[in-house]
Amino acid sequence: MCCRYHMSVVSASQCFRKPKTGILMLNMGGPEKLEDVHDFLLRLFKDTDLMKLPVQSKLGPLIARRRTPKIQEQYSRIGGGSPIKHWTSMQGEGMVRLLDQMSPDTAPHKFYIGFRYVHPLTEESIEEMEKDGIERAVAFTQYPQYSCSTTGSSLNAIYRYYRDRGEGPKMRWSVIDRWPTHPLLVECFADHIRNELLKFPEDKRNEVVILFSAHSLPMAVVNRGDPYPQEVGATVQRVMEALDHCNPYRLVWQSKVGPMAWLGPQTDDVIKGLCERGKKNLLLVPIAFTSDHIETLHELDIEYSQVLGEECGVENIRRAESLNGNPLFMKALAQLVQSHLISDQPCSRQLTLRCPLCINPTCGEAKAFFSAQKA
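Numbered by this note's numbering, the letters in the sequence shown go through residues 227 to 601 in order.
Do not rely on the hints blindly, as some may be mistaken.
In the EDC-like style, the derived pairs of lysine to aspartate or glutamate whose C-alpha atoms are separated by at most 16 Å in a straight line are [to be verified]:
id: 1; residue 1: Lys505; residue 2: Asp495
id: 2; residue 1: Lys498; residue 2: Glu541
id: 3; residue 1: Lys506; residue 2: Glu541
id: 4; residue 1: Lys482; residue 2: Asp494
id: 5; residue 1: Lys557; residue 2: Glu428
id: 6; residue 1: Lys506; residue 2: Asp470
id: 7; residue 1: Lys557; residue 2: Asp273
If you anchor each label on the Cβ, the simulated ranges turn out as follows [as the list claims (entries may be wrong)]:
id: 8; residue 1: Arg293; residue 2: Pro491; range: 51 to 61 Å
id: 9; residue 1: Cys472; residue 2: Tyr388; range: 41 to 51 Å
id: 10; residue 1: Asp429; residue 2: Ser283; range: 54 to 64 Å
id: 11; residue 1: His471; residue 2: Pro330; range: 39 to 49 Å
id: 12; residue 1: Glu356; residue 2: Pro474; range: 47 to 57 Å
id: 13; residue 1: Gly306; residue 2: Leu285; range: 36 to 46 Å
id: 14; residue 1: Gln571; residue 2: Arg292; range: 38 to 48 Å
id: 15; residue 1: Pro491; residue 2: Arg292; range: 38 to 48 Å
id: 16; residue 1: Cys472; residue 2: Gly359; range: 48 to 58 Å
id: 17; residue 1: Ser597; residue 2: Pro491; range: 19 to 29 Å
Calculated from the structure, these hints are not laboratory results. Virtual Cβ for every residue (Gly too), placed ideally from N, Cα, C.
Modelling step: build the complete structure from the supplied sequences, incorporating the hints.
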């Protein structure tokens, strides 16, 4: 029987071989059970890389406690927990299986899951990687488009782990910090859109408005120079080029929280506005997510497609399937890691540039930490 650990899943071909290259798949994570929701929210609202709150050490726990019942109710409507660990494990399994064939010099490869707000936490997986004797460690963000509040937060967590330990890494680190226009990523999105368009009535198909929906950001973050909006836009542009601009489209933003200004237009407002203008055949595309989780299964599928769609009187509203278990997406992940290993670079040139108006000194320290990870 293949060895299985609570913090990672490895392919059968690697069960009895010491892994040489470890790929840490970085993501936010999501609670697998309803009883995990509070701790997930607590870590999230205490993360100063993600958001800045007054008296955050006290206000963060208060917000988490108050929001827990509402978020638990949402998770109960999508099966009682987030499937993100399931999909990440499946994607990682497919990725390392391909990598062992594509890059024998760096094999065996083993993937690890590093979540920010639920187990396996990033710090736990680093410890497992070191116990496994990993020689080359790749921090591989599962956010195709870089943001300081997502990928940046995960990279800061890796840096802080070593800083607080007072001891440098035992393995050589490098980073895949963004990949918004990778050809196979674009092809996956385009394929899923084509497949979903075919499910609309034939006489309505050309009228369908494609709404690329991505998680929004506070404008305070955007105005500091966070590159996320431009990188999401780059993905959308490449996907529409692959589709030969077959339908009208817009880039919209979801998941706004609180009263302050966020990047817009908001997905729900756009759905309402289009319906008022007679555009009632809509296709939602989660363009910044690599698998299903609460933002797709509840926000897009229930809040917008079911509840709001009925209120607005849409004729047809559908959501393109997430990348989930698509074998082509696993090939994209493997290609990204293979190319990165061949390049022998610690990170992209973009990662070395801090946001022009950055107010978080840890970001600069983390970037310097990874830039210095050379052979």
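Outcome of the hint check:
no., hint, result
1, Lys505 - Asp495, "13 Å, holds"
2, Lys498 - Glu541, "13 Å, holds"
3, Lys506 - Glu541, "5 Å, holds"
4, Lys482 - Asp494, "10 Å, holds"
5, Lys557 - Glu428, "32 Å, violated"
6, Lys506 - Asp470, "22 Å, violated"
7, Lys557 - Asp273, "33 Å, violated"
8, Arg293 - Pro491: 51 to 61 Å, "25 Å, violated"
9, Cys472 - Tyr388: 41 to 51 Å, "48 Å, holds"
10, Asp429 - Ser283: 54 to 64 Å, "58 Å, holds"
11, His471 - Pro330: 39 to 49 Å, "41 Å, holds"
12, Glu356 - Pro474: 47 to 57 Å, "51 Å, holds"
13, Gly306 - Leu285: 36 to 46 Å, "29 Å, violated"
14, Gln571 - Arg292: 38 to 48 Å, "45 Å, holds"
15, Pro491 - Arg292: 38 to 48 Å, "28 Å, violated"
16, Cys472 - Gly359: 48 to 58 Å, "50 Å, holds"
17, Ser597 - Pro491: 19 to 29 Å, "37 Å, violated"
When each numbered hint is compared with the structure, violations occur for hints 5, 6, 7, 8, 13, 15 and 17.
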